[in-house]
Amino acid sequence: MKTNKTEMIRKRDFWEANRQSGGYLLRNKISKMIVSVVRALLLFGLCFMIIQPLLTRFSTSLMPEKDLYDSTVILVPREITFDNYRIVADLTGLPKSMLNTLWTCTLVSVLQVIACTLVGYGFARYDFPLKKLWFGCVIVTIIVPPQTIATALYMNFVDFDVLGIIKLFTGKGVKLHGSIVPYSLMSITCMGLKNGLYIYMLRQYFRGIPKSLEEAAYVDGCGSLHTFVRIMLPDAMPTILSCFLFSFVWQWTDLFYTRNFLSNYTIFSNELSTILTRMSLYFSNETGKPTIVPVGRQMQLVSIGILVCSLPLIILYIFTQRTFVESIAMSGTKE
Amino acid sequence: MAQAKSKVGVRKWGLKDSILTYLPIEPLIRLIKGSKKKNGTFDSMRSRNARIGTLFVLPFILGFLVFMLRPLCESLLMSLSAVKIIQGAGYTSTLNGFENYKYALTVDPDFNNFLVDEIGRMAINAISTLVLSFVIAVILNQNFKGRTAARAIFFLPVILASGVLPGIEAQVGSNQEITMIESVAEELSSSSGINISATLEELLSVSGMASSVFDILFTMIDSIYDIVMASGIQIIVFLSGLQAISPSLYEAADMEGCTAWESFWKITFPMVSPLLLVNCIYTIIDFFMKNDNKVMERINTVMYSQLRFGESAAMSWIYFAIALAFIAVSSFIITRGVHYYED
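Chains G and B are the protein sequences, given in the same order. Sequential numbering of the first sequence, starting at 9, is according to our numbering. Sequential numbering of the second sequence, starting at 50, is according to our numbering.
Don't read these hints as lab results, they were simulated from the structure. Just so you know, even glycine gets a beta-carbon here, dropped at the ideal spot from N, CA and C. Warning: the hint list may mix true and false statements.
[Claimed, not checked] Straight-line distance between alpha carbons at most 30 Å, and here's what the computed DSSO-like set of lysine-lysine pairs gives:
no.	chain 1	residue 1	chain 2	residue 2
1	G	LYS37	G	LYS19
2	G	LYS37	B	LYS151
3	B	LYS133	G	LYS140
4	B	LYS315	B	LYS339
5	B	LYS315	G	LYS40
6	B	LYS133	B	LYS315
[Claimed, not checked] Now the stretches of chain B that chain G is said to cover, found in silico as 3 or more residues with beta-carbon under 8 Å:
no.	segment
7	141-155
8	158-167
9	199-213
10	297-308
11	324-338
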């Protein structure tokens, strides 16, 4: 009863104040409300648009085949089946391909991040001849589409040799093609997927660390390497972590480098990209006679593939969302 | 190093300095002269630091020379020559001038059309991506409930729209009839039968207004899904720029009687405009390198299925040159309009 009374008083006060302000208060309040409603609608719509394909994919993934053609079934399947998942797992060689993806991605991203951190630190804190030129080269690596150099790179690793040194000893180059060695070599030299971007991000971060910190370390007798490991690295850990996550996520879904350098391993993204070509063969074997897979069915299985591919990443993202968003924000502000 | 620069005034690296930095001339001279006294003029702190810095950057330099510069030159050569694959023994190439470029532009049935298509699509998409990501960033910068969740969701496309994921669904039924795919795709993706934008388009075209403008507008609206999916990073970059604006600017403007609209155009927009350049370049590069890009697909098929290495190299060089031209033109336009705030 008492709260009701105070509420009433507040309400009366509001109208009183509104009258005194000549209607300004009310207008202000209404316009604020309209803005927030419009904003909520817009955001909800856009967010829904991003999430909706995931949800649709999930619901169709549980449908048996006949539900796909039943126009009365839209989102909720008549009966839930996990058969589709089994088929996709067979088609993409699942446990093995996922494990392969996991270890190659981890290895490659760790190498890339180590190299990019060193290089980013060098660019940010040291002055040396031709620095601007080399940094220009970093920008070039960001801009050049990998397709441009793909053919030449491919040939490079069929007959690998660094400036003719190996040929000098053994008479011919090493056949590195098909193993993970070429891509690891590229990763440790910052030539992997989008590595220029990570160098840029890390450089931006290291540039922001105050000079006095470094000087204090020098005065206390730290060498260059010591300063880097003891002072700079712990500070930069969030940014490095986020670079690692980016590298991991993009490597996970990457097709280009995977197809070129890791084709001998069953990597999930590679399997997923060729899932359509193997589908009819699979079903023919299953039924014992040649079958053409209907488009709806193809679509469903591909959706499941996409879902399976992105699920680990989404889980990873949910746990590390803050690191992702904040690190980009940090590297964007300073220039 | 930035602070040191302003205080000391950094010397430029001349040829002599650079040579002395990397070649151990100084100890040699000392050896010859037989003096043990350290002479500070040659091996200064500066050149020692330069050597350490170079050591840090060395992985990149090596990688660039071996895995980027060399392939780049080779691919340029390849694009200018007829390449023949020899089983198990690499390839032979003989120079043939601009034959491959001629092939790409005049003989290849699809490359031309795809190129024009994609460039047109890119121009529209880049502009709408920039506008949309800016608007969303402004909204996400305001205070409301569930802001963190909204930010997280808008960043999700960075993961969901990367690598194989966007392109693969488009391949479904690429050998079957198109009408059928479309109907099934519609069945799968949209739950309601009403298409608002199509209805609106019909209404407006009946009313007989400038149709070409509406066409562009409706392509933008219809591709809003693609645009939102492509603008994750851009939103975050804009957001970071918005957060860097000091609130006192808005307070002062408010005291002077600025409306929200005015302070948006007089404060928010100019303060964030430098980031427009970064975002614009990122958008263009991102678009050019996407997997569901028709030109990229064409280059891949020419390379892997038809094994025409020379022709595919020529195609990718044409593509790269166009991308560069786009970046140059857009950065030229943007830098003229950008306001840099000195602090």
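Each hint, compared with the structure:
1. Between LYS37/G and LYS19/G the CA atoms are separated by roughly 14 Å; this keeps the pair inside 30 Å, and the hint holds.
2. Restraint check: the Cα-Cα separation between LYS37/G and LYS151/B comes to about 66 Å, which exceeds 30 Å; the hinted pair is violated.
3. Of the supplied pair hints, the one linking LYS133/B and LYS140/G is violated, its CA atoms being roughly 39 Å apart against a limit of 30 Å.
4. The suggested pairing of LYS315/B with LYS339/B is violated, with an alpha-carbon distance near 36 Å, which exceeds 30 Å.
5. Between the alpha carbons of LYS315/B and LYS40/G the distance comes to roughly 21 Å, so the proposed pair stays at or under 30 Å and holds.
6. Restraint check: the Cα-Cα separation between LYS133/B and LYS315/B comes to about 61 Å, which exceeds 30 Å; the hinted pair is violated.
7. Under the rule that three or more residues need a Cβ within less than 8 Å of chain G, the assignment of the segment 141-155 of chain B is violated, with 0 such residues.
8. Counting residues of the segment 158-167 of chain B whose beta carbon lies closer than 8 Å to any beta carbon of chain G gives 0, which falls short of the minimum of three for the stated coverage.
9. Under a criterion of three residues with beta carbons nearer than 8 Å to beta carbons of chain G, the stated coverage of the segment 199-213 of chain B is upheld, 14 such residues being counted.
10. Counting residues of the segment 297-308 of chain B whose beta-carbon sits less than 8 Å from any beta-carbon of chain G gives 0, not enough to reach three: the coverage restraint is violated.
11. Restraint check on the segment 324-338 of chain B versus chain G: 5 residues with Cβ-Cβ distances below 8 Å, three needed, restraint holds.
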